[in-house]
Amino acid sequence: MNTRHIFYAGILLAAMSTEVLGQTYEDALRFNRNDLTGTARSQAMAGAFGSVGADLTSMAINPAGMALYRATELGLSLGVNVVKTESSTWANKAEDDRVKVPFSQMGVAFSFGLQRENTKGLVGSNFFLGYNRVADFSNNQIFRDPYSLNSLLDYFCTDEQKQAAMTGDLAYNAYLTNDTTFSNGDQLTYNVWEELVDGLLNPNFRIDEDGSGLVNLERKVEEDGSKGDFAIGYAANISQKFFIGGSLNVQSLRYEQTVTHSELFEGYTVNPNDPTSFVYRSYLKQSGAGLNFKLGFICRPVNALRVGVAITSPTFFVIDEKYHANITNDAQRKNYRTDEFEYEYKYRTPSRLVASISGILGSVGMISFDYELVNHKNSKFKEKDNDYDMNNWYDVYLSSLSSFDNLNDFMKHDALKASSTFRIGAELSVLKPFYLRGGYRMTTSPLKSDYYVKKPKDYAISGGIGFRYSNFFVDLSFVESVKKSDAWVLPDSAEGYIYEDNMPAYLTSHSHNGVVTIGFRF
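Going by our numbering, the final residue of the sequence shown carries number 522, and the count climbs one at a time with no gaps.
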(Lines of atoms letter the chains of each structure in order from A and count residues from 1; the text may use other names and numbers.)
(Lines give C-alpha, C1' and ligand atoms only; values in the text may rest on other atoms or scores of the structure.)
Protein backbone atom coordinates (compact mmCIF):
# COMPACT_ATOMS: atom_id res chain seq x y z
CA MET A 1 0.00 0.00 0.00
CA ASN A 2 1.58 3.29 -1.04
CA THR A 3 1.65 6.47 1.05
CA ARG A 4 -1.32 8.04 -0.72
CA HIS A 5 -3.55 5.02 -0.07
CA ILE A 6 -2.44 4.88 3.56
CA PHE A 7 -3.28 8.57 3.76
CA TYR A 8 -6.77 8.02 2.38
CA ALA A 9 -7.41 5.11 4.73
CA GLY A 10 -6.15 7.03 7.72
CA ILE A 11 -8.29 10.07 7.05
CA LEU A 12 -11.29 7.80 6.53
CA LEU A 13 -10.79 6.17 9.92
CA ALA A 14 -9.90 9.36 11.74
CA ALA A 15 -13.11 11.39 11.37
CA MET A 16 -13.62 13.57 8.47
CA SER A 17 -14.39 17.16 9.34
CA THR A 18 -14.78 19.43 12.34
CA GLU A 19 -18.00 20.77 10.86
CA VAL A 20 -19.73 17.55 11.97
CA LEU A 21 -20.43 16.93 15.64
CA GLY A 22 -17.76 14.60 16.96
CA GLN A 23 -14.06 14.97 17.71
CA THR A 24 -11.02 14.45 15.49
CA TYR A 25 -7.28 14.77 15.88
CA GLU A 26 -7.67 18.23 14.31
CA ASP A 27 -9.58 19.30 17.41
CA ALA A 28 -6.76 17.95 19.57
CA LEU A 29 -4.14 19.91 17.65
CA ARG A 30 -6.24 23.06 17.94
CA PHE A 31 -6.61 22.66 21.71
CA ASN A 32 -2.84 22.00 22.00
CA ARG A 33 -1.86 25.00 19.92
CA ASN A 34 0.41 27.75 21.22
CA ASP A 35 1.33 30.66 18.94
CA LEU A 36 4.04 33.28 19.14
CA THR A 37 2.35 35.78 21.45
CA GLY A 38 3.03 37.96 24.50
CA THR A 39 4.79 41.31 24.84
CA ALA A 40 6.16 43.13 21.82
CA ARG A 41 9.70 42.59 23.11
CA SER A 42 9.33 38.82 23.32
CA GLN A 43 7.51 38.59 19.98
CA ALA A 44 10.23 40.60 18.26
CA MET A 45 12.72 38.00 19.56
CA ALA A 46 10.52 35.09 18.35
CA GLY A 47 9.51 34.18 21.90
CA ALA A 48 13.01 32.99 22.82
CA PHE A 49 12.58 34.03 26.44
CA GLY A 50 12.92 30.77 28.33
CA SER A 51 16.09 31.89 30.12
CA VAL A 52 16.14 35.66 29.50
CA GLY A 53 13.54 36.57 32.12
CA ALA A 54 12.44 39.97 33.44
CA ASP A 55 9.63 40.10 30.86
CA LEU A 56 5.92 39.57 31.47
CA THR A 57 5.87 36.88 28.78
CA SER A 58 8.07 34.76 31.06
CA MET A 59 5.01 33.69 33.04
CA ALA A 60 3.73 31.90 29.90
CA ILE A 61 7.08 30.27 29.00
CA ASN A 62 9.25 29.86 32.11
CA PRO A 63 7.95 31.42 35.36
CA ALA A 64 11.47 31.34 36.81
CA GLY A 65 12.20 34.33 34.58
CA MET A 66 9.90 36.41 36.78
CA ALA A 67 12.50 36.09 39.58
CA LEU A 68 14.90 38.30 37.62
CA TYR A 69 12.77 41.38 38.19
CA ARG A 70 14.34 43.93 40.52
CA ALA A 71 11.36 46.29 40.50
CA THR A 72 7.60 46.11 40.17
CA GLU A 73 6.45 46.23 36.53
CA LEU A 74 3.07 46.79 34.90
CA GLY A 75 2.57 46.19 31.17
CA LEU A 76 -0.17 46.14 28.52
CA SER A 77 0.07 44.86 24.93
CA LEU A 78 -2.30 45.44 22.02
CA GLY A 79 -1.97 44.33 18.42
CA VAL A 80 -3.31 44.15 14.89
CA ASN A 81 -3.43 40.79 13.13
CA VAL A 82 -4.03 40.35 9.38
CA VAL A 83 -4.33 36.76 8.13
CA LYS A 84 -4.33 36.04 4.40
CA THR A 85 -4.90 32.46 3.26
CA GLU A 86 -4.49 31.10 -0.26
CA SER A 87 -5.90 27.73 -1.27
CA SER A 88 -4.87 25.65 -4.26
CA THR A 89 -7.34 22.99 -5.44
CA TRP A 90 -5.83 21.32 -8.46
CA ALA A 91 -5.12 24.29 -10.77
CA ASN A 92 -7.75 26.47 -9.09
CA LYS A 93 -6.55 29.12 -6.65
CA ALA A 94 -8.53 31.32 -4.30
CA GLU A 95 -7.67 33.58 -1.39
CA ASP A 96 -9.37 35.32 1.51
CA ASP A 97 -8.24 37.40 4.46
CA ARG A 98 -9.28 38.52 7.91
CA VAL A 99 -8.32 41.49 10.09
CA LYS A 100 -8.50 41.44 13.88
CA VAL A 101 -7.36 43.72 16.71
CA PRO A 102 -6.52 41.27 19.52
CA PHE A 103 -5.75 41.97 23.16
CA SER A 104 -2.35 40.31 23.41
CA GLN A 105 -1.09 40.56 26.97
CA MET A 106 -1.52 42.25 30.33
CA GLY A 107 0.32 41.60 33.56
CA VAL A 108 2.02 42.83 36.68
CA ALA A 109 5.08 41.62 38.58
CA PHE A 110 5.29 42.61 42.24
CA SER A 111 8.90 42.74 43.32
CA PHE A 112 9.83 43.00 46.97
CA GLY A 113 13.33 44.09 46.01
CA LEU A 114 16.71 42.57 46.63
CA GLN A 115 17.64 41.83 50.18
CA ARG A 116 21.12 43.26 49.79
CA GLU A 117 22.20 42.19 53.21
CA ASN A 118 21.96 38.59 51.99
CA THR A 119 24.46 37.19 49.54
CA LYS A 120 23.26 33.63 49.86
CA GLY A 121 19.90 31.98 50.26
CA LEU A 122 16.72 33.86 49.44
CA VAL A 123 17.75 37.20 47.97
CA GLY A 124 14.48 38.31 46.37
CA SER A 125 10.81 37.34 46.13
CA ASN A 126 8.39 38.24 43.34
CA PHE A 127 4.68 37.58 42.92
CA PHE A 128 3.02 37.94 39.55
CA LEU A 129 -0.28 37.65 37.78
CA GLY A 130 -1.34 38.30 34.24
CA TYR A 131 -2.92 37.21 30.99
CA ASN A 132 -1.29 36.07 27.74
CA ARG A 133 -3.19 35.23 24.55
CA VAL A 134 -1.36 32.03 23.59
CA ALA A 135 -3.29 31.14 20.40
CA ASP A 136 -5.46 32.99 17.88
CA PHE A 137 -7.78 30.94 15.66
CA SER A 138 -8.98 33.78 13.39
CA ASN A 139 -8.82 32.79 9.73
CA ASN A 140 -10.88 32.85 6.54
CA GLN A 141 -10.44 30.20 3.83
CA ILE A 142 -12.14 29.88 0.48
CA PHE A 143 -11.95 26.94 -1.95
CA ARG A 144 -13.15 26.87 -5.56
CA ASP A 145 -13.34 23.98 -8.03
CA PRO A 146 -15.55 24.72 -11.06
CA TYR A 147 -15.00 21.25 -12.56
CA SER A 148 -15.40 18.86 -9.63
CA LEU A 149 -16.44 15.26 -10.28
CA ASN A 150 -17.54 14.91 -6.65
CA SER A 151 -20.24 16.43 -4.51
CA LEU A 152 -20.79 16.96 -0.79
CA LEU A 153 -24.08 15.11 -1.32
CA ASP A 154 -22.10 11.88 -1.59
CA TYR A 155 -21.03 12.39 2.01
CA PHE A 156 -24.65 12.78 3.09
CA CYS A 157 -25.32 9.31 1.69
CA THR A 158 -22.88 7.55 4.02
CA ASP A 159 -24.15 5.29 6.77
CA GLU A 160 -22.49 7.40 9.44
CA GLN A 161 -24.49 10.45 8.45
CA LYS A 162 -27.81 8.64 8.00
CA GLN A 163 -27.52 6.93 11.35
CA ALA A 164 -26.64 10.20 13.03
CA ALA A 165 -30.04 11.54 11.94
CA MET A 166 -28.36 14.88 11.32
CA THR A 167 -26.97 16.03 7.99
CA GLY A 168 -28.06 12.84 6.22
CA ASP A 169 -31.71 13.46 7.00
CA LEU A 170 -31.15 17.13 6.25
CA ALA A 171 -30.14 16.43 2.65
CA TYR A 172 -32.91 13.85 2.26
CA ASN A 173 -35.57 16.29 3.47
CA ALA A 174 -34.26 18.85 1.00
CA TYR A 175 -34.75 16.35 -1.88
CA LEU A 176 -31.01 16.18 -2.51
CA THR A 177 -30.57 12.49 -1.71
CA ASN A 178 -32.80 9.53 -2.48
CA ASP A 179 -33.15 5.80 -1.82
CA THR A 180 -33.69 2.90 -4.19
CA THR A 181 -34.23 -0.82 -3.57
CA PHE A 182 -32.90 -3.39 -6.03
CA SER A 183 -34.62 -6.64 -6.95
CA ASN A 184 -32.33 -8.59 -4.63
CA GLY A 185 -33.46 -6.44 -1.69
CA ASP A 186 -30.29 -4.36 -1.41
CA GLN A 187 -30.86 -0.69 -0.64
CA LEU A 188 -28.82 2.20 -1.96
CA THR A 189 -28.83 5.85 -0.92
CA TYR A 190 -27.58 8.15 -3.67
CA ASN A 191 -27.47 11.86 -4.36
CA VAL A 192 -29.69 13.29 -7.07
CA TRP A 193 -26.61 14.05 -9.14
CA GLU A 194 -25.20 10.54 -8.89
CA GLU A 195 -25.39 10.33 -12.67
CA LEU A 196 -22.65 12.93 -13.06
CA VAL A 197 -20.20 10.28 -11.79
CA ASP A 198 -21.26 7.08 -13.53
CA GLY A 199 -24.38 7.81 -15.61
CA LEU A 200 -26.01 4.57 -14.44
CA LEU A 201 -29.20 5.72 -12.76
CA ASN A 202 -30.57 8.17 -15.29
CA PRO A 203 -29.29 8.49 -18.86
CA ASN A 204 -30.77 12.01 -19.11
CA PHE A 205 -27.85 13.21 -16.98
CA ARG A 206 -24.61 13.33 -18.85
CA ILE A 207 -21.08 14.72 -18.83
CA ASP A 208 -20.52 16.72 -22.01
CA GLU A 209 -17.29 17.82 -23.61
CA ASP A 210 -17.98 21.42 -22.63
CA GLY A 211 -17.87 20.44 -18.95
CA SER A 212 -21.60 20.20 -18.28
CA GLY A 213 -22.33 17.42 -15.87
CA LEU A 214 -19.62 18.61 -13.52
CA VAL A 215 -20.09 20.41 -10.21
CA ASN A 216 -19.14 24.06 -9.78
CA LEU A 217 -18.13 24.01 -6.14
CA GLU A 218 -17.27 26.79 -3.70
CA ARG A 219 -16.60 26.44 0.01
CA LYS A 220 -15.87 29.20 2.52
CA VAL A 221 -14.65 28.48 6.05
CA GLU A 222 -14.69 31.32 8.58
CA GLU A 223 -12.89 30.75 11.88
CA ASP A 224 -12.72 32.88 15.00
CA GLY A 225 -11.63 32.49 18.60
CA SER A 226 -8.59 32.29 20.80
CA LYS A 227 -6.92 30.54 23.73
CA GLY A 228 -5.86 32.62 26.70
CA ASP A 229 -3.68 31.88 29.72
CA PHE A 230 -4.41 33.50 33.11
CA ALA A 231 -1.47 32.99 35.46
CA ILE A 232 -0.78 33.65 39.14
CA GLY A 233 2.51 32.63 40.65
CA TYR A 234 5.63 33.17 42.71
CA ALA A 235 9.32 33.33 41.79
CA ALA A 236 12.41 33.38 44.02
CA ASN A 237 15.97 34.62 43.53
CA ILE A 238 18.45 32.39 45.35
CA SER A 239 21.99 33.68 45.78
CA GLN A 240 21.75 35.61 42.49
CA LYS A 241 22.65 32.31 40.82
CA PHE A 242 19.49 30.25 40.87
CA PHE A 243 15.97 31.38 39.98
CA ILE A 244 12.88 29.27 40.61
CA GLY A 245 9.27 30.02 39.71
CA GLY A 246 5.91 28.33 39.60
CA SER A 247 2.42 29.33 38.55
CA LEU A 248 -1.14 28.11 38.54
CA ASN A 249 -2.77 28.77 35.18
CA VAL A 250 -6.37 28.87 34.02
CA GLN A 251 -6.78 28.62 30.26
CA SER A 252 -9.83 29.87 28.40
CA LEU A 253 -10.81 28.47 25.02
CA ARG A 254 -13.25 29.65 22.35
CA TYR A 255 -13.44 28.45 18.75
CA GLU A 256 -16.18 29.20 16.23
CA GLN A 257 -16.39 27.84 12.70
CA THR A 258 -18.93 28.77 10.03
CA VAL A 259 -18.88 26.77 6.79
CA THR A 260 -20.78 27.91 3.69
CA HIS A 261 -20.68 25.28 0.95
CA SER A 262 -22.42 25.89 -2.40
CA GLU A 263 -22.67 23.68 -5.47
CA LEU A 264 -24.08 24.26 -8.93
CA PHE A 265 -24.66 21.22 -11.13
CA GLU A 266 -23.71 22.02 -14.72
CA GLY A 267 -25.69 19.08 -16.10
CA TYR A 268 -28.74 18.45 -18.21
CA THR A 269 -32.07 17.60 -16.55
CA VAL A 270 -35.45 16.74 -18.09
CA ASN A 271 -37.51 17.85 -15.11
CA PRO A 272 -37.23 21.61 -14.41
CA ASN A 273 -38.27 20.94 -10.82
CA ASP A 274 -35.12 18.94 -10.13
CA PRO A 275 -32.66 20.88 -7.95
CA THR A 276 -29.58 22.07 -9.79
CA SER A 277 -27.88 23.90 -6.92
CA PHE A 278 -27.81 24.02 -3.15
CA VAL A 279 -26.19 25.93 -0.29
CA TYR A 280 -25.19 24.14 2.91
CA ARG A 281 -24.21 26.02 6.05
CA SER A 282 -22.96 24.69 9.36
CA TYR A 283 -21.97 26.34 12.60
CA LEU A 284 -19.69 24.87 15.26
CA LYS A 285 -18.76 26.42 18.60
CA GLN A 286 -16.32 24.97 21.11
CA SER A 287 -15.78 26.74 24.41
CA GLY A 288 -14.22 25.69 27.66
CA ALA A 289 -11.75 26.23 30.45
CA GLY A 290 -8.76 24.26 31.65
CA LEU A 291 -6.23 24.15 34.45
CA ASN A 292 -2.47 23.53 34.42
CA PHE A 293 0.67 24.16 36.44
CA LYS A 294 4.07 25.53 35.35
CA LEU A 295 7.39 25.05 37.08
CA GLY A 296 10.63 26.64 35.92
CA PHE A 297 14.30 26.91 36.79
CA ILE A 298 17.11 29.23 35.58
CA CYS A 299 20.78 28.98 36.48
CA ARG A 300 23.23 31.88 36.04
CA PRO A 301 26.73 30.41 36.61
CA VAL A 302 28.33 33.65 35.33
CA ASN A 303 26.77 37.00 34.50
CA ALA A 304 27.06 36.39 30.76
CA LEU A 305 25.28 33.02 30.68
CA ARG A 306 21.81 31.81 31.65
CA VAL A 307 20.45 28.29 31.28
CA GLY A 308 16.80 27.45 31.88
CA VAL A 309 14.31 24.61 31.85
CA ALA A 310 10.55 24.68 32.37
CA ILE A 311 7.74 22.18 32.29
CA THR A 312 4.03 22.78 31.85
CA SER A 313 1.73 20.08 33.12
CA PRO A 314 -1.08 18.75 30.92
CA THR A 315 -4.02 21.15 30.73
CA PHE A 316 -7.28 19.56 31.83
CA PHE A 317 -10.13 21.08 29.82
CA VAL A 318 -13.89 20.76 30.04
CA ILE A 319 -15.29 21.57 26.59
CA ASP A 320 -18.85 22.50 25.65
CA GLU A 321 -19.67 21.95 21.98
CA LYS A 322 -22.62 23.24 19.96
CA TYR A 323 -23.50 22.48 16.36
CA HIS A 324 -26.29 23.12 13.87
CA ALA A 325 -26.67 23.12 10.08
CA ASN A 326 -29.12 24.11 7.36
CA ILE A 327 -29.48 23.55 3.65
CA THR A 328 -31.46 25.15 0.81
CA ASN A 329 -31.88 24.18 -2.85
CA ASP A 330 -32.95 26.24 -5.83
CA ALA A 331 -35.98 24.08 -6.70
CA GLN A 332 -37.93 24.07 -3.40
CA ARG A 333 -36.46 27.35 -2.10
CA LYS A 334 -36.97 26.19 1.46
CA ASN A 335 -34.54 26.28 4.37
CA TYR A 336 -34.17 22.90 6.08
CA ARG A 337 -32.45 23.12 9.46
CA THR A 338 -31.24 20.67 12.07
CA ASP A 339 -31.82 21.08 15.76
CA GLU A 340 -28.95 22.54 17.77
CA PHE A 341 -26.85 19.72 19.18
CA GLU A 342 -24.92 20.34 22.37
CA TYR A 343 -22.83 18.19 24.68
CA GLU A 344 -19.81 18.32 26.99
CA TYR A 345 -16.63 16.30 27.18
CA LYS A 346 -13.19 16.45 28.77
CA TYR A 347 -9.85 16.91 27.06
CA ARG A 348 -6.26 16.60 28.32
CA THR A 349 -3.43 18.27 26.43
CA PRO A 350 0.12 16.86 26.48
CA SER A 351 2.72 18.43 28.77
CA ARG A 352 5.32 20.89 27.45
CA LEU A 353 9.05 20.99 28.05
CA VAL A 354 11.17 24.08 27.32
CA ALA A 355 14.97 24.11 27.46
CA SER A 356 16.79 27.37 26.86
CA ILE A 357 20.12 29.15 26.92
CA SER A 358 21.01 32.81 26.52
CA GLY A 359 24.13 34.92 26.39
CA ILE A 360 24.21 38.44 27.80
CA LEU A 361 26.69 40.59 25.90
CA GLY A 362 27.06 43.28 28.52
CA SER A 363 25.72 46.64 27.39
CA VAL A 364 25.79 45.53 23.73
CA GLY A 365 22.78 43.21 23.86
CA MET A 366 22.00 39.51 24.09
CA ILE A 367 21.18 36.38 22.11
CA SER A 368 18.82 33.61 23.21
CA PHE A 369 17.77 30.15 22.06
CA ASP A 370 14.74 28.03 23.13
CA TYR A 371 13.77 24.46 22.34
CA GLU A 372 10.23 23.31 23.12
CA LEU A 373 8.96 19.72 22.95
CA VAL A 374 5.29 18.66 22.87
CA ASN A 375 4.34 15.01 22.42
CA HIS A 376 0.94 15.34 20.75
CA LYS A 377 0.24 11.61 20.76
CA ASN A 378 -0.41 11.95 24.52
CA SER A 379 -3.53 14.01 23.77
CA LYS A 380 -6.62 12.42 25.25
CA PHE A 381 -10.38 12.93 25.03
CA LYS A 382 -12.55 11.69 27.86
CA GLU A 383 -16.26 11.37 28.42
CA LYS A 384 -17.79 13.81 30.87
CA ASP A 385 -20.21 12.33 33.35
CA ASN A 386 -23.55 12.80 31.61
CA ASP A 387 -26.95 11.46 32.58
CA TYR A 388 -28.12 10.02 29.26
CA ASP A 389 -31.68 8.90 28.61
CA MET A 390 -31.12 5.74 26.56
CA ASN A 391 -34.77 5.80 25.43
CA ASN A 392 -34.09 9.04 23.56
CA TRP A 393 -32.36 8.70 20.17
CA TYR A 394 -30.53 12.01 20.62
CA ASP A 395 -29.05 10.95 23.98
CA VAL A 396 -28.14 7.56 22.53
CA TYR A 397 -26.28 9.35 19.73
CA LEU A 398 -24.44 11.66 22.15
CA SER A 399 -23.52 8.65 24.28
CA SER A 400 -21.94 7.00 21.25
CA LEU A 401 -19.94 10.15 20.52
CA SER A 402 -18.58 10.16 24.05
CA SER A 403 -16.77 6.86 23.58
CA PHE A 404 -13.32 8.16 22.75
CA ASP A 405 -11.28 4.95 23.05
CA ASN A 406 -10.85 4.45 19.31
CA LEU A 407 -9.93 8.09 18.68
CA ASN A 408 -7.42 8.19 21.54
CA ASP A 409 -5.83 4.97 20.32
CA PHE A 410 -5.73 6.29 16.75
CA MET A 411 -4.04 9.53 17.82
CA LYS A 412 -1.49 7.75 20.00
CA HIS A 413 -0.46 4.94 17.67
CA ASP A 414 -1.26 6.09 14.12
CA ALA A 415 -1.70 9.81 13.47
CA LEU A 416 0.20 12.07 15.90
CA LYS A 417 3.78 12.37 17.06
CA ALA A 418 6.05 14.68 19.06
CA SER A 419 6.56 18.19 17.69
CA SER A 420 9.57 20.45 18.27
CA THR A 421 9.73 24.23 18.22
CA PHE A 422 13.03 26.09 17.78
CA ARG A 423 13.21 29.77 18.69
CA ILE A 424 16.19 32.11 18.37
CA GLY A 425 16.20 35.80 19.16
CA ALA A 426 18.62 38.69 19.59
CA GLU A 427 18.55 42.18 21.06
CA LEU A 428 21.05 44.90 20.20
CA SER A 429 21.53 48.18 22.01
CA VAL A 430 22.45 50.47 19.11
CA LEU A 431 21.99 53.83 20.74
CA LYS A 432 20.53 53.91 24.22
CA PRO A 433 17.70 54.18 25.08
CA PHE A 434 16.80 52.48 21.73
CA TYR A 435 17.01 48.74 21.05
CA LEU A 436 16.80 46.65 17.88
CA ARG A 437 15.44 43.09 18.02
CA GLY A 438 14.94 40.16 15.69
CA GLY A 439 14.12 36.47 15.76
CA TYR A 440 13.09 33.28 13.97
CA ARG A 441 10.79 30.43 15.00
CA MET A 442 10.18 27.06 13.35
CA THR A 443 7.85 24.23 14.42
CA THR A 444 7.96 20.68 13.08
CA SER A 445 4.76 18.89 12.06
CA PRO A 446 2.81 16.97 14.75
CA LEU A 447 1.43 14.62 12.05
CA LYS A 448 3.05 11.39 10.97
CA SER A 449 4.10 11.42 7.33
CA ASP A 450 1.27 9.12 6.21
CA TYR A 451 -1.27 11.84 7.06
CA TYR A 452 -0.34 14.58 4.67
CA VAL A 453 0.28 14.83 0.94
CA LYS A 454 2.54 17.88 0.94
CA LYS A 455 4.83 18.41 3.91
CA PRO A 456 3.38 20.94 6.38
CA LYS A 457 5.44 24.00 7.26
CA ASP A 458 5.17 26.39 10.19
CA TYR A 459 7.67 29.22 10.71
CA ALA A 460 7.86 32.90 11.60
CA ILE A 461 10.27 35.80 11.15
CA SER A 462 10.07 38.68 13.60
CA GLY A 463 11.62 42.05 14.37
CA GLY A 464 11.05 45.14 16.42
CA ILE A 465 12.36 48.19 18.25
CA GLY A 466 12.20 49.33 21.84
CA PHE A 467 12.52 52.53 23.80
CA ARG A 468 13.37 52.42 27.51
CA TYR A 469 13.90 55.48 29.62
CA SER A 470 13.85 55.70 33.39
CA ASN A 471 10.70 53.90 34.62
CA PHE A 472 8.85 53.95 31.26
CA PHE A 473 9.19 51.76 28.18
CA VAL A 474 7.41 51.18 24.88
CA ASP A 475 8.13 48.33 22.47
CA LEU A 476 6.99 47.64 18.91
CA SER A 477 7.15 44.33 17.05
CA PHE A 478 6.17 42.83 13.72
CA VAL A 479 5.82 39.10 13.07
CA GLU A 480 5.36 37.41 9.70
CA SER A 481 4.09 33.85 10.26
CA VAL A 482 3.72 31.29 7.47
CA LYS A 483 1.78 28.04 7.74
CA LYS A 484 1.34 25.50 4.95
CA SER A 485 -0.92 22.48 5.27
CA ASP A 486 -3.42 20.18 3.58
CA ALA A 487 -7.15 20.86 3.92
CA TRP A 488 -10.01 18.68 2.76
CA VAL A 489 -12.60 20.53 0.70
CA LEU A 490 -14.87 17.47 0.80
CA PRO A 491 -14.74 14.94 3.67
CA ASP A 492 -12.92 11.89 2.37
CA SER A 493 -15.44 9.29 3.48
CA ALA A 494 -18.11 8.80 0.82
CA GLU A 495 -18.22 5.67 -1.31
CA GLY A 496 -19.58 7.65 -4.25
CA TYR A 497 -16.46 9.76 -4.62
CA ILE A 498 -14.01 9.43 -7.44
CA TYR A 499 -11.08 9.24 -5.03
CA GLU A 500 -8.36 10.31 -7.41
CA ASP A 501 -10.33 13.53 -7.92
CA ASN A 502 -10.86 14.12 -4.20
CA MET A 503 -7.42 15.31 -3.24
CA PRO A 504 -6.99 17.86 -0.44
CA ALA A 505 -6.35 21.48 -1.21
CA TYR A 506 -3.04 23.00 -0.17
CA LEU A 507 -3.30 26.00 2.14
CA THR A 508 -0.73 28.75 2.54
CA SER A 509 -1.53 31.16 5.35
CA HIS A 510 0.38 34.40 5.97
CA SER A 511 -0.21 36.12 9.30
CA HIS A 512 1.00 39.71 9.73
CA ASN A 513 0.97 40.61 13.39
CA GLY A 514 1.95 43.98 14.86
CA VAL A 515 2.06 44.57 18.62
CA VAL A 516 2.75 47.57 20.85
CA THR A 517 3.58 47.19 24.55
CA ILE A 518 3.52 50.04 27.03
CA GLY A 519 4.87 49.51 30.53
CA PHE A 520 6.01 51.13 33.75
CA ARG A 521 8.43 50.13 36.47
CA PHE A 522 8.16 51.34 40.05
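It is worth saying that the hints were derived from the structure and are not from the lab.
Here the structure is a predicted model, which is why all the values come from computation and not from measurement.
Beta carbons are placed, not taken as given, at the ideal position from N, Cα and C, and that holds for glycine.
Please note: incorrect hints may appear among the correct ones.
[Said to hold, decoys possible] Okay, the calculated beta carbon distance ranges per label pair:
(1) C299 x K484: 48 to 54 Å
(2) Y459 x L291: 38 to 44 Å
(3) K120 x V82: 49 to 55 Å
(4) T260 x F127: 35 to 41 Å
(5) I461 x K384: 30 to 36 Å
(6) L361 x I461: 42 to 48 Å
(7) L361 x Y283: 32 to 38 Å
(8) E383 x K120: 49 to 55 Å
(9) I461 x L74: 38 to 44 Å
(10) S470 x S449: 50 to 56 Å
(11) V99 x F293: 23 to 29 Å
(12) K448 x L74: 43 to 49 Å
(13) K454 x G121: 32 to 38 Å
[Said to hold, decoys possible] Below are the DSS-like pairs computed for lysine-lysine, each with C-alpha atoms no more than 30 Å apart in a straight line:
(14) K380 x K334
(15) K484 x K100
(16) K322 x K241
Hints and how they fare:
no.: 1; hint: C299 x K484: 48 to 54 Å; in the structure: 38 Å, violated
no.: 2; hint: Y459 x L291: 38 to 44 Å; in the structure: 31 Å, violated
no.: 3; hint: K120 x V82: 49 to 55 Å; in the structure: 51 Å, holds
no.: 4; hint: T260 x F127: 35 to 41 Å; in the structure: 48 Å, violated
no.: 5; hint: I461 x K384: 30 to 36 Å; in the structure: 41 Å, violated
no.: 6; hint: L361 x I461: 42 to 48 Å; in the structure: 22 Å, violated
no.: 7; hint: L361 x Y283: 32 to 38 Å; in the structure: 53 Å, violated
no.: 8; hint: E383 x K120: 49 to 55 Å; in the structure: 52 Å, holds
no.: 9; hint: I461 x L74: 38 to 44 Å; in the structure: 30 Å, violated
no.: 10; hint: S470 x S449: 50 to 56 Å; in the structure: 54 Å, holds
no.: 11; hint: V99 x F293: 23 to 29 Å; in the structure: 36 Å, violated
no.: 12; hint: K448 x L74: 43 to 49 Å; in the structure: 45 Å, holds
no.: 13; hint: K454 x G121: 32 to 38 Å; in the structure: 56 Å, violated
no.: 14; hint: K380 x K334; in the structure: 41 Å, violated
no.: 15; hint: K484 x K100; in the structure: 21 Å, holds
no.: 16; hint: K322 x K241; in the structure: 51 Å, violated
In this structure, the earlier hints numbered 1, 2, 4, 5, 6, 7, 9, 11, 13, 14 and 16 are contradicted, and the remaining ones agree with it.
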